[in-house]
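For the record, the sequence lines run as chains A and B. Take the first sequence: its position 188, counted from the start at 1, is 188 in the working numbering, and no numbers get skipped. Take the second sequence: its position 94, counted from the start at 1, is 94 in the working numbering, and no numbers get skipped.
It should be emphasised that the hints constitute simulated quantities derived from the structure, not laboratory data. Be aware that a few hints might be false.
[Stated by the list, open to error] Derived CB-CB ranges, DEER-like:
hint : chain 1 : residue 1 : chain 2 : residue 2 : range
1    : B       : A79       : A       : V402      : 46 to 56 Å
2    : A       : N213      : B       : M1        : 25 to 35 Å
3    : A       : G236      : B       : G62       : 14 to 24 Å
4    : A       : G395      : B       : G26       : 42 to 52 Å
5    : B       : L78       : A       : A413      : 42 to 52 Å
6    : A       : T240      : B       : G26       : 40 to 50 Å
7    : B       : D64       : A       : S188      : 36 to 46 Å
8    : B       : G62       : A       : S197      : 35 to 45 Å
9    : A       : A455      : B       : P19       : 43 to 53 Å
From a predicted model like this one, the values you see are computed outputs, not experimental measurements. Note that CB positions come from ideal geometry on N, CA and C, so glycine has one too.
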Amino acid sequence: MPQNILAGDDRATVKAKIDAILAYGGQSAAGNNDTTVATARLNEIAAGFDRPGLTDRMAGATALSRINALNGGPSWAGGADLYADFTTGQYWEAGFPSMGDRLNFTRSTSALMLGSAGYQSFAAGELARIDGVGAQVAPARTNKCTNRNANPVDLAAMTKTGDAAAVLSVVDDAAKLAEAGLSGISTSGKVYKLDNSGGVGPASAAANGSVGNLNTHAFSAYGRGGSGYLKDNFAGIPNTEVQGKFASSANYRRLTRIASATNAAALLQIGADAGQVVYFILNRLEEGSFSSPPIITTGAAATRAGDLLSADLTGKLTYGVAGFIKVDLRQPSVAGTFPRLLSINSGVSTDEMRLLHQSGRLRFEVVSGGAIHSGHDLGPWQEGFQTIAIAATVGFSMARRVSSAAPAALAPASIPSVNTLGIGGYGFNTNGNTFQINQKLALFYGSPSKPINQAFFDEVYAKAVAA
Amino acid sequence: MTDLYLRTTIEQDLRDACPFLLDDDGNWLTDTAQFSLSVIGAIPPTYAMNEDGTPGEMSDPGDDRFHANLRVLDDAVLALVPPQVVLTSEPGAPVRQWA
């Protein structure tokens, strides 16, 4: 129903009309995402505030600004100035109707991603890894194995060792690959089969491509069949450790062992216990403390480039910012590199508002001119799903992980001049990347009519809880 | 997009020749909007394996020199790479590729 403000309306009538419009969250009608009519009405309301006799215009304008009604934002954006739901593809920012118009994605290679239903699927080079589970941002990773790990044609770069009765071969296993959601990657349907059914001792298949150093590595593969183990060929990682053992399974599942070899020339070995038959594919040897999505090799080690995900914030945060991010956090890439969940910066880390991993803790910090003006300890770093709300402006900063206790507010003497939003890292390079799957992100820009303070942070935190 | 294979005698030589590949803390920059860098370092030796799974004779001595692959996304970067650190011909069997 039209809610035109008329010259003769008294304040109670104006308020009733505002309420009627806002009941639809800024939309012209329930379920209608065309905000044109509602925006026009609300602009009339704003103009109405200039009528003689109204003395509290600023309060009314502030209320409208806070719900972003004057910008015509859809109700699902919750009044945010920038909102992204990576699980549904919904994106809102004034003047930028779609995510692709606004967010910048860069990755110089193709990549696999964990899709909905646990399937692995491809994202071509320079395309964001976004599927039903969210936007995946990761550091660069190298698979040091040199065999053809997705579509083997022979036993090149693979060596069988152990029980002489064991047989290593390439066989068709297309049906089981399809069941595991791997047929889009292993398109030939071929896998490695290590048949140790006649063996009386363990047997292994070693993939060429050494660890190269003694740092922590993830040894992994998709495997099925009988029981076996992941190890290296220098006995630095014995085949009897509980961590490296895997039980029999009729279906493919990811096998992973995190370990450090004792010799830089050590190779990945996938073993079958005596009397067992093991099928495997997509083997990989990655330096790092966790196994990332598979990296395809075709006869040499292969590097998957890191993801850059950013947005331009030039001139938007003069009066500070509040917001929240809902994310599935995995382990940081390398301890000590201070990976960022979120970084609002000027292209350098000396001017930055950042959510980061530091010494096993999650922190929110405001850094200006290289000096840390406020630092909020949000507790131990945690893997898995979580939502964190933040706010920062001159004289007030706050951050809180949803469902955790509220920390004390701080009062930074200044905030940096910023122009870049980095999601999952700096946004301008991947040295600060975490491995994370982003689900929702909302930013609210401060303004004279929308001051960033405790009351506003509490509103944003409530939205984070509901996200 | 241009792929370059970089090689210097030691790591410091590449740092000195290509400071734009480092961040403010001296760490190698792996990815920016202008390039991606995959640092290989020395190529370790390869060993044959004995039937019992233990390492056997060295089949390839590796290469102690410092290696890196550079994928250039912005042609302006090409002018920053000194020619003496770039292999003039692509290796017949590169030890590392881009995914």
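Each hint tested on the structure:
Here the CB-CB span from B/A79 to A/V402 is close to 49 Å, well matched to the stated 46 to 56 Å. With their beta carbons about 29 Å apart, A/N213 and B/M1 fall inside the hinted range of 25 to 35 Å. About 19 Å separates the C-beta atoms of A/G236 and B/G62, a value consistent with the hinted range of 14 to 24 Å. For the pair A/G395 and B/G26, the supplied restraint of 42 to 52 Å is violated, since their beta-carbon distance comes to about 35 Å.
Between B/L78 and A/A413 the beta carbons are some 44 Å apart, a value that agrees with the proposed interval 42 to 52 Å. Against the hinted window of 40 to 50 Å, the Cβ-Cβ separation of A/T240 and B/G26 comes to about 41 Å, which satisfies the hint. A hinted range of 36 to 46 Å holds for the C-beta pair B/D64 and A/S188, which are about 38 Å apart. Distance hint check: the CB atoms of B/G62 and A/S197 are about 37 Å apart, consistent with the given range 35 to 45 Å.
Between A/A455 and B/P19 the CB atoms are about 48 Å apart, so this pair conforms to the stated range of 43 to 53 Å.
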